[in-house]
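J.: Required output: the full structure, derived from the provided sequences and hints.
Residue numbers (this note's numbering), protein chains in the order written: chain V, 943 to 1488; chain G, 16 to 145.
Among the hints, erroneous ones may be present.
Said to hold, decoys possible - If you only want the chain V side, here are some residues facing chain G, beta carbon under 7 Å, derived:
#1 Gly1130
#2 Asp1143
#3 Ser1176
#4 Arg1179
#5 Ser1183
Stated by the list, open to error - Each pair of labels, with its calculated beta carbon distance range:
#6 Arg121(G) / Ala1410(V): 38 to 46 Å
#7 Leu135(G) / Asn1465(V): 37 to 45 Å
#8 Arg121(G) / Ser1194(V): 27 to 35 Å
#9 Ala67(G) / Pro1315(V): 35 to 43 Å
#10 Leu135(G) / Pro1350(V): 53 to 61 Å
As the list claims (entries may be wrong) - Sample of chain V residues lacking proximity to chain G, with all beta carbon distances greater than 12 Å (derived):
#11 Ala1031
#12 Asn1069
#13 Arg1163
#14 Leu1178
#15 Glu1255
#16 Ala1266
#17 Met1296
#18 Pro1315
Since the hints were made in silico from the structure, they are not lab data. If you're wondering where the values come from, they're calculated on a predicted model, not measured in any experiment. Each residue gets a CB set at the ideal place from its N, CA and C atoms; glycine is no exception.
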Amino acid sequence: MVSVQSPPGRGELPYARVLLLPAIAMAAATGAAVALVTAPARLAVGWCGGIATVLVIATAAEAVRRGRALRKQRGEHARHTAHLEQRIAAHENELVRFSREIIPAALRLLSTGESPREVIRKLGLANPEYRDLPEPQAETLLTVLKIVDREVTMRDAAARSFVSVARRVQAIIHQQAAELREMEEDHGRNPEVFDDLLRIDHGNALIGRLADSVSVLGGGRPGRQWPEPVSLYSTLRGAMSRILEYRRIQLSSIAKVSVKGIYVEPVIHACAELLDNATRYSPPQTKVHVTATEVQTGVCIEIEDGGVNLNEEARARIEGMLEAAKAGVDLQDIGEHPRLGLAVVGRLCAAYDMQVSLRASAYGGVRAIVIVPSEMITHERGVGLAHGIGATGIPMPVGLPEGPKRTPKKRRPTNPRIPETVSLEDDDVPVVTEWTPNGLPQRRSRVKTSLTERIAQQAAYDREDREAAARGEANPWATPEPEPKPLRDMNAPDAPGKGLEAFWEGLKQGIEPGTHPTDFIRNPTKYLHLLNDPAPTEADDEGDLK
Amino acid sequence: MTPPQRQRREPAPEPPKPQEGEVRNPERMYVVAGPDGERSELDLVTLIVARAADPPPTASPEQAALLRLCAAPLSVAELSAYLSLPFSAMGVLITELLTADLVTVRSPIVRQALPDRSLLEAVMNGLQRL
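T.: Shown next as structure tokens:
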């Protein structure tokens, strides 16, 4: 741009100097022509030459003037161009600043939850340069912020509605699970009913896992908290119980630790998703081996399947999926890849600071490793280590809506009821040895939990019966009132006292009527004649022995 | 001289009584005893005796507890009460142990209500020979 300008030292030459040379040349040519031609023609030639000289000078003067005008215009044009280019550059700078500094800063502010106008005001406060944005930029910024704000609100609302639906499903599932557990206890003597109940229970757990997944992906929290630590073994069994092919899972050498109550549910859910992947992507006849060992940073749960080997590329893709999930995956992305579970695992791992990695397994398949941090682990005695089922600890629903108000189920156990006369307390309970957390056998004096539970159950039954009776309902399980026995028919041959009567009758035989039947005791000699009769021998039965 | 009194330890605080029908453990019943498991012919009064003193390391906690309990013969009903497992679940559990040859089953000794006729006849004959 600078080069276009005329060099500064080059001034404009005066017209006289520019026109002098053609004028002199023309005049010289005219003079020579006048001198050469004959005398009569000299005047004419002289005129012509003069006129031609004047015309040449005039033309030359015009050409010079036009040339100068042209140069001047060109100079002006160059300056104008330069000015415009400067402006364009300035605009570009503005745009770059707008897109690289202002908009990101505004979006950062927006993500803290401010409204668009507030964001623009705060932006000006934070940096005075941003205060006086040009009008179009300010408008663009406001529009962009409004659009983004609206989209974010809509997405949040969608996620919240997902979570709220999932929570309602979870609430129903929990209610159902509790009722199923009751039914399993009530119909434990009926193998057919019991097996069917177990199947329903399993299906219920599968639905529950899906609801939990939706809740986690929507940013919700797990719906349950367990009030007491749960042993890792039971936790992993809980994870097993929520997948389809739980029979293929083999738990072996599980560390004797417990998971703190509030972290039980995330561990169960993450492990259930990994177990589900392991069983789904391995041949149906193979087993999935689960081990858990204590490591420096917590507990390392390894899930190994015998499926297809994971090559480097696939591993990178899956780990990328996990990373994306940790960063907060878009819900739309999930529909595209079927491994929904990994997104859930990633979310859970990010939320609870667990670590998950996938490696090639020694069995030829995939080995998923979950590291549960030591903050989530306790060495307290957990629920359900020894007896599996007979343990204490009630899950508390956290922030779950109440289940549907269904009428309370009337328990009609098909098991025989323990009669009240049987004391359970005095039962001779055998000594049971349990394992302490460090693997040593521990002798426990009495197992009372199950019995107290039974007693509590019995008390509850009775209360229920009383309430039912108060409502006037017939209780099919009440011990039937003993029917009043009809008075004995005194004429029957086996009526009481008949035997004695017969005895007296026998005594009276051979005695004169009127004497006392026991007279023979008082006067024995009087009855000696009775002894003289031959006593019947057994020979009588056998005919003629003689 | 009085013997030293034994110090009574403070009993451990009782865990809150579980309310009826509440799920107390994350594991479900079908993981302990599968719904399609085989059940051998067992009765509530069938006696179970463990064959080995120590449960194998692969045994599940329920199986291990059952084997420890069954050092002396115990009936299925008692086992079901101590392990808080329904009878049907016990059936599957015991059948698994039976196929693994870890327990044996003994039929209960039935005390007959009426004495045997042949026994009575033998007694009668013996008495007559006196």
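J.: Against this structure, judge whether each hint is valid.
T.: Cross-check of the supplied hints:
Taking 7 Å as the C-beta cut-off, the interface hint given for Gly1130(V) holds, the closest approach to chain G being about 2 Å. At a threshold of 7 Å, the smallest CB-CB gap from Asp1143(V) to chain G is about 6 Å, leaving the interface hint in force. Evaluation of the Ser1176(V) hint against chain G yields a held restraint, the C-beta minimum of about 5 Å falling below 7 Å. Interface hint status for Arg1179(V): upheld, as the beta-carbon distance to the closest one in chain G is roughly 4 Å, under 7 Å.
The beta carbon of Ser1183(V) is positioned within 7 Å of a beta carbon in chain G (closest approach about 4 Å), and the interface hint is therefore held. Separation of Arg121(G) from Ala1410(V) is about 41 Å and conforms to the stated range, judged on CB atoms against 38 to 46 Å. Range check, Leu135(G) to Asn1465(V): Cβ separation about 42 Å, and the 37 to 45 Å hint holds. Distance hint check: the CB atoms of Arg121(G) and Ser1194(V) are about 32 Å apart, consistent with the given range 27 to 35 Å.
Restraint check, Ala67(G) to Pro1315(V): a C-beta distance of roughly 39 Å satisfies the suggested window 35 to 43 Å. Evaluation of the 53 to 61 Å hint for Leu135(G) and Pro1350(V) yields a pass: the beta carbon distance comes to about 58 Å. At roughly 67 Å from the closest C-beta of chain G, the C-beta of Ala1031(V) stays outside 12 Å, upholding its exclusion from the interface. With a cut of 12 Å on Cβ distances, Asn1069(V) stays outside the contact zone with chain G, its closest approach being about 53 Å.
Every beta carbon of chain G lies more than 12 Å from that of Arg1163(V), the smallest distance being close to 17 Å; the non-interface claim holds. At roughly 9 Å from the closest C-beta of chain G, the C-beta of Leu1178(V) falls inside 12 Å, breaking its exclusion from the interface. Every CB of chain G is more than 12 Å from the CB of Glu1255(V) (nearest about 36 Å), matching its label as outside the interface. At the 12 Å boundary, the C-beta of Ala1266(V) stays outside the reach of chain G, the nearest C-beta of that chain being 29 Å off.
Chain G leaves Met1296(V) outside its interface by the beta-carbon criterion, the shortest separation being 17 Å against a cut-off of 12 Å. Pro1315(V), annotated as away from the interface, keeps every beta carbon of chain G farther than 12 Å; the closest lies near 20 Å.
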